[in-house]
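The primary structure of each chain is shown beneath.
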Amino acid sequence: MRTVVMRPREWAHPSPPVHREVLSATPEESPRSAPPVLFVPGYGHGAWAYAEHWLEHTAGRGFPAYAMSLRGFGASGSTPKPRFADYVHDVTQVAASLPRQAVIVGHGAGALVVAQAMARYPARAGVLVSPVFGGPGAAFGQLRANPAGTLPALFGGAVRLRRTHLFSRQLQGSVSQGYHQRLDRIPGAAARHLVRRRTPERPVGNPPLLVVGSPDDRLVSRTTLERVARDNGGAPLLFPGMGHDLMLDARWQEPIDAILDWLEKPDA
Amino acid sequence: MAYDSGQDDLAPVATIWRNGEPVYDRGETVCVIGAGGSGLAAVKNLREQGFGVDCYERETGVGGAWNWRHDRSPVYASTHLISSKPFTQFPDFPMPDDWPDYPHHSRLLAYFERYADHFALREHIWFGTEVIRVEPAEDPAGGPPRWDVTIRGARGGAPRTTRYAAVVVANGHNWSPKLPSYDGLEEYRGKVLHAGQYKDGTQLRGKKVLVVGAGNTGCDIAVEAAQQATKCWHSTRRGYWYSPKYALGRPVDQVNDQMLALRLPLKLRQWIFKRTMKLTVGDLTRFGLPAPDHQPYETHPIVNSQLVYYVGHGGIEPVPDVKRFDRHEVELTDGRVIEPDLVIMATGYLPRFEFLAPELLATDQEGRPRLTLQLLAPTYPTLAVAGLVQPDSAIFTIVHWQTVVMARWLRLLDTAPDRAMALWRAMQAGGDRRYTQVKLKDSTRHWFEVSHVDYLRALEKTLHEIEADA
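Residue numbers (my numbering), protein chains in the order written: chain A, 1 to 268; chain B, 1 to 470.
It is worth saying that the hints were derived from the structure and are not from the lab. By construction, the Cβ of each residue, glycine as well, lies at the ideal position given by its N, Cα and C atoms. Treat the hints loosely; a few may be bogus.
Calculated lysine-lysine pairs in the DSBU-like style (CA-CA distance at most 35 Å, straight line) [what the hints assert, rightly or not]:
| id | chain 1 | residue 1 | chain 2 | residue 2 |
| --- | --- | --- | --- | --- |
| 1 | B | 274 | A | 81 |
| 2 | B | 245 | B | 208 |
| 3 | A | 81 | B | 245 |
| 4 | B | 278 | B | 231 |
| 5 | B | 323 | B | 191 |
| 6 | B | 267 | B | 461 |
With beta-carbon atoms standing in for the labels, derived distance ranges [as the list claims (entries may be wrong)]:
| id | chain 1 | residue 1 | chain 2 | residue 2 | range |
| --- | --- | --- | --- | --- | --- |
| 7 | B | 267 | A | 2 | 23 to 33 Å |
| 8 | B | 336 | A | 2 | 57 to 67 Å |
| 9 | B | 379 | A | 206 | 27 to 37 Å |
| 10 | B | 100 | A | 62 | 32 to 42 Å |
| 11 | A | 253 | B | 96 | 29 to 39 Å |
| 12 | A | 145 | B | 305 | 54 to 64 Å |
| 13 | B | 197 | A | 81 | 49 to 59 Å |
Kindly produce the complete structure, drawing on both the sequences and the hints.
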């Protein structure tokens with residue numbers, strides 16, 4: 001893949017500005033070298049999904065931690081008819097506003113947004129958690145597994161995710177129900193964008209990349225995890241038995257510890 | 001991944017001697033001259049390719065021309081950008097969404113300071129250090145030539161020479177005033193300032209002011225004179241197209257980029273430009289301004305919504321070129337005589353590289369360097385000048401990609417020297433091509449003019465060639 005210099009469409013049509021929600025947790029003492037970590041949620045989720053566990057945990061291990069909401073989700077403002085490029089813009093804006101060069105962690109479709117943002121902003125490192133990179137197979141699978149939630153998207157409506165797709169049985173029913181109620185609907189256009197398989201552009205600045213997921217994720221197949229990891233020259237880090245939302249599921253601590261261990265390694 | 005700061009060994013031992021003085025070898029480290037917008041981009045992009053970098057900056061802060069505290073800064077209190085954000089920013093470090101379309105110069109300085117902190121660039125910059133000499137040196141191992149860079153404290157001190165693998169010159173080209181010569185200028189008793197010395201409107205208050213030059217600076221100062229001075233004449237050599245800052249509801253450069261994105265032919269874009277001007281401002285000669293003697297896009301664009309407005313309100317009186325000066329008077333080419341107390345020469349700047357032998361940049365008689373790809377020295381493969389372009393848009397997106405090309409090319413020179421040199425020779429064959437779509441009016445003003453679209457396409461092509469099978 002080659003470097004893209006010309007982006008006339010983005011120059012001519014900059015994304016409309018919007019208020020963005022950014023939550024943060026500051027470590028009590030941070031080694032001078034620890035980079036900030038920016039968490040980007042997937043569609044339907046907001047910064048709150050990370051604020052439950054991962055944000056504080058990351059700060060507790062010495063990394064300045066930030067979680068944001070894409071436009072139209074969580075407490076961020078919304079603009080009419082958001083484009084995929086607008087989500088990418090949201091991530092580069094927040095990343096560039098951090099005091100130092102950041103590590104970016106993206107979840108679900110947010111991982112695709114992060115991967116595309118990394119083709120613009122030179123991240124310190126990237127982590128793709130349960131990445132949803134789209135594709136007809138996955139889209140059709142969704143339609144079959146969750147017809148009530150997905151069908152409206154075909155007619156311009158919004159998508160609603162199913163609770164059993166996001167969380168494992170280990171998570172208490174009342175807790176997962178609470179999380180599920182906090183989800184926002186996903187604009188149909190954002191969902192339809194994922195019908196085709198999306199390959200993000202090459203990241204700038206050669207950052208190391210890690211793919212994390214669960215083989216028992218009902219939204220992202222193991223083959224997808226392996227393909228995305230292979231495209232970036234590695235193998236995925238797998239956490240069997242967990243649902244799609246690794247940061248909210250019962251065993252949330254295992255993946256985040258693995259991610260932070262990877263970041264602490266001298267040369268990942 | 002590694003978080004080490006990449007600080008190389010800072011105390012090398014002198015083992016080489018040149019003219020009886022020790023030379024400290026910094027190995028594969030690259031030297032960057034200047035920590036303005038261009039220098040900062042060079043430091044960042046070289047670091048990103050894994051190079052050690054020493055950047056020398058004669059001032060004590062970053063930002064170069066955009067830092068108003070600097071001696072050589074040409075900015076005045078009201079300086080705003082004339083290109084809108086999406087094309088002004090470094091493409092990998094967007095300006096904040098909540099900034100206006102056309103930020104003020106103080107914001108640009110804040111932007112550079114944040115860029116330097118975000119990418120931890122300051123630890124590679126030696127502030128208060130001036131480069132006095134850059135000379136090629138043969139590599140004993142037979143590789144590409146190296147560079148002996150002699151530095152000195154900006155306020156004096158003993159010189160010291162260090163050897164580098166490559167040099168990126170980013171000393172800016174808007175600080176050495178170009179002053180045309182006029183008959184009788186020595187006898188003239190009024191005050192004459194170059195625009196570089198103009199700082200704010202109080203210098204104009206209560207004066208009769210003549211502003212010479214219709215660059216963007218000249219037009220800005222004429223507008224300020226219309227607001228502050230008792231009288232303002234604005235002398236221009238020819239008629240120009242004065243593009244407003246907004247058209248069709250958007251910043252005008254975004255409209256232009258839209259047309260370029262659609263790949264509309266030049267003739268059609270010129271027609272649309274003229275049509276839009278006609279529907280908004282109308283016939284400029286009605287205001288006493290000379291009619292443009294060229295098509296739109298054939299000179300460096302002037303982006304100023306207020307100039308025509310103030311001409312229309314009588315605040316600015318357009319006059320032709322200056323013929324000669326007298327003790328108290330200025331005679332114009334149409335025979336008119338005016339009596340200003342203050343003359344501001346917004347006549348531009350010339351590039352200066354006093355630390356480099358002119359032949360290294362193939363500088364011609366008039367002082368114009370002839371660079372390959374408007375970037376690389378034609379003499380040695382490891383010398384580049386970043387930011388020596390005057391685009392029809394802002395410079396920082398362009399400088400970013402220039403320095404990426406330089407860093408990637410130096411990396412290729414390291415890993416595949418044969419392929420790198422073949423590529424370099426191929427680029428040399430292209431000569432100092434001009435990256436413009438139209439034939440420009442010939443003048444020092446257009447020495448470094450490039451069309452941002454043509455030029456970026458050329459840089460992109462070069463990048464793809466470097467990436468071809470690397």
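Here is how each hint holds up against the structure:
Annotation: proposed proximity of residue 274 of chain B to residue 81 of chain A holds, straight-line Cα distance about 33 Å (limit 35 Å). A threshold of 35 Å between alpha carbons decides the hint, and for residue 245 of chain B with residue 208 of chain B the separation of about 28 Å falls inside it, so the pair holds. Our distance criterion of 35 Å between C-alpha atoms is met by residue 81 of chain A and residue 245 of chain B, whose separation comes to about 27 Å. Proposed proximity of residue 278 of chain B and residue 231 of chain B is supported: the alpha carbons are some 28 Å apart, at most 35 Å.
For the proposed pair residue 323 of chain B and residue 191 of chain B, the alpha carbon gap of about 17 Å is at most 35 Å, so the pair holds. The suggested pairing of residue 267 of chain B with residue 461 of chain B holds, with an alpha-carbon distance near 25 Å, which does not exceed 35 Å. The beta-carbon spacing between residue 267 of chain B and residue 2 of chain A, approximately 31 Å, falls within the hinted interval of 23 to 33 Å. For residue 336 of chain B paired with residue 2 of chain A, a C-beta distance near 59 Å keeps the hint of 57 to 67 Å intact.
A hinted range of 27 to 37 Å for the beta carbons of residue 379 of chain B and residue 206 of chain A is consistent with their spacing of about 31 Å. Residue 100 of chain B and residue 62 of chain A have their C-beta atoms about 38 Å apart, which keeps the hinted 32 to 42 Å range intact. Here the CB-CB span from residue 253 of chain A to residue 96 of chain B is close to 35 Å, well matched to the stated 29 to 39 Å. Checking the proposed 54 to 64 Å range against residue 145 of chain A and residue 305 of chain B shows it holds: the Cβ atoms sit about 57 Å from each other.
For the pair residue 197 of chain B and residue 81 of chain A, the beta carbons lie near 50 Å from each other, so the given range of 49 to 59 Å is met.
Checked against the numbered hints above, the structure violates none of them.
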